[in-house]
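Sequence lines, in order, name chains A and B.
Residue numbering for the first sequence follows my numbering, starting at 1 and increasing by one per position.
Residue numbering for the second sequence follows my numbering, starting at 154 and increasing by one per position.
Treat the hints with caution; some may be incorrect.
[What the hints assert, rightly or not] In silico DMTMM-like cross-links for lysine to aspartate or glutamate, where the CA-CA straight-line distance does not exceed 20 Å: (1) B:Lys228 with B:Asp182; (2) B:Lys201 with A:Glu142; (3) A:Lys91 with A:Glu142; (4) A:Lys91 with B:Glu211; (5) A:Lys90 with B:Glu158; (6) A:Lys90 with A:Asp33; (7) A:Lys23 with A:Asp54; (8) B:Lys228 with A:Asp110; (9) B:Lys159 with B:Glu176; (10) A:Lys90 with B:Asp166; (11) A:Lys90 with B:Glu176; (12) A:Lys115 with A:Asp33; (13) B:Lys201 with B:Asp182; (14) A:Lys90 with B:Glu211; (15) B:Lys201 with B:Asp183; (16) B:Lys159 with B:Glu198; (17) B:Lys201 with B:Glu158; (18) A:Lys90 with B:Asp188; (19) B:Lys228 with B:Glu211; (20) B:Lys201 with A:Asp110; (21) B:Lys159 with B:Asp169; (22) A:Lys90 with B:Asp220; (23) A:Lys115 with A:Asp71; (24) B:Lys201 with B:Asp220; (25) A:Lys115 with B:Glu198; (26) B:Lys159 with B:Asp220; (27) A:Lys23 with A:Asp104; (28) A:Lys91 with B:Glu186; (29) B:Lys228 with B:Glu186; (30) A:Lys23 with A:Asp110; (31) B:Lys228 with B:Glu158; (32) A:Lys23 with A:Asp103; (33) A:Lys90 with A:Glu39; (34) A:Lys91 with B:Asp169; (35) B:Lys201 with B:Glu211; (36) A:Lys115 with A:Asp104; (37) A:Lys115 with A:Asp32; (38) B:Lys228 with B:Asp188.
Since the hints were made in silico from the structure, they are not lab data.
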Amino acid sequence: MLPGGMPTGGADGSAAPAFQSLKFHHFAVATDDPRLSSEYLVALGYQRGANAFDPLQNVNLEMWHHGAMPDVELVWPSGTGGPLSTMLRKKGVGIYHVCYEVDDLAGTLDALHAKNLNVLEVVEARPAVLFGGRPVAFYLVEGFGLIELLGPA
Amino acid sequence: MQQNEKLQRIFRDVFDDPTIELEPTMTADDIAEWDSLSHVRLMLEVSKAFGVRFSASEVSSLNNVGDLQALISSKGGA
């Protein structure tokens, strides 16, 4: 532990067995101006990828790819209601969630709880419109924020 | 600490309002800062304080404080 009581992580940087299948996939940015946000990504050399409308969340989604940097998902509301609009109104444009690929959604959630992390299921597992119907679920992790878990095809 | 007392403390902390007095009929319309974003923060705090887990459907199906109190009790929250 650090002097302030902060955990330092594993000495060899390895994850607990339950998290070894976990891989970073992308981070999402909530925006109310996708044109402006994409101008920044284009300036960095990002390429526009797939896009979709998610009727369950009433949001628009668009992936951006880069040869040397992490994928970015732009998320912007289709209407004026919903959590995303509330977040944009309160916090402005910024990182919305971090997404990880996992082999087993439920198993990963159990592993997070087993680590005594305070995790709340926010969106139950359902097919992802942007990722070929692969299952996704969203969780709020105390001390970190919103995460998305993306299961196998 | 009684369930309602503990829950009231959580509401006061999350919504930063020491004057909140919980009533079973209280809804999001009664607390200015109680929106969809703060609701998930509230439920995260409730989950931790009472040692219970909630599903997303439970989180989104609550109509008032009474529903939340009943849900906590049904899960044996203490």
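Worksheet item: Given the hint that A:Lys90 pairs with B:Asp188, does the C-alpha gap stay at or below 20 Å?
Response: 11 Å, holds
Item to complete: For the pair supplied as a hint, A:Lys90 and B:Glu158, confirm whether the alpha-carbon distance does not exceed 20 Å.
Response: Violated, because 29 Å separates the two Cα atoms, which is more than 20 Å.
Discussion item. For B:Lys201 and A:Glu142, compute the direct alpha-carbon distance and say whether it is at most 20 Å.
Written reply: Holds: B:Lys201 and A:Glu142 sit about 9 Å apart, inside 20 Å.
Discussion item. Please verify whether B:Lys201 and A:Asp110 have alpha carbons no more than 20 Å apart.
Written reply: 15 Å, holds
Worksheet item: Given the proposed pairing of A:Lys91 with B:Asp169, does the C-alpha separation stay at or below 20 Å?
Response: 17 Å, holds
Practice prompt. Given the hint that B:Lys228 pairs with B:Glu158, test it: the Cα-Cα distance must not exceed 20 Å.
Written response: 18 Å, holds
Discussion item. Check the hint pairing B:Lys228 with A:Asp110 against an upper bound of 20 Å on the C-alpha distance.
Written reply: 18 Å, holds
Practice prompt. Compare the distance between the alpha carbons of A:Lys115 and A:Asp33 with 20 Å, and conclude whether the hinted pair is satisfied.
Written response: 38 Å, violated
Worksheet entry | Restraint check for A:Lys90 with B:Asp166, where alpha carbons must lie at most 20 Å apart | 18 Å, holds
Item to complete: Would you mind confirming whether the straight-line C-alpha gap from B:Lys159 to B:Glu198 stays at or under 20 Å?
Response: Given pair B:Lys159, B:Glu198 holds - Cα atoms ~11 Å apart, limit 20 Å.
Worksheet entry | Hint consistency between A:Lys90 and A:Glu39 [alpha-carbon to alpha-carbon, up to 20 Å] | At roughly 23 Å apart (the allowed maximum being 20 Å), A:Glu39 and A:Lys90 break the hint.
Worksheet item: Under the criterion that the straight-line Cα-Cα distance not exceed 20 Å, is the pair A:Lys115, A:Asp104 satisfied?
Response: Holds - the C-alpha atoms of A:Asp104 and A:Lys115 are around 17 Å apart, at most 20 Å.
Consistency note: the structure conflicts with the earlier hints numbered 1, 4, 5, 7, 11, 12, 13, 14, 15, 22, 23, 29, 33, 37 and 38.
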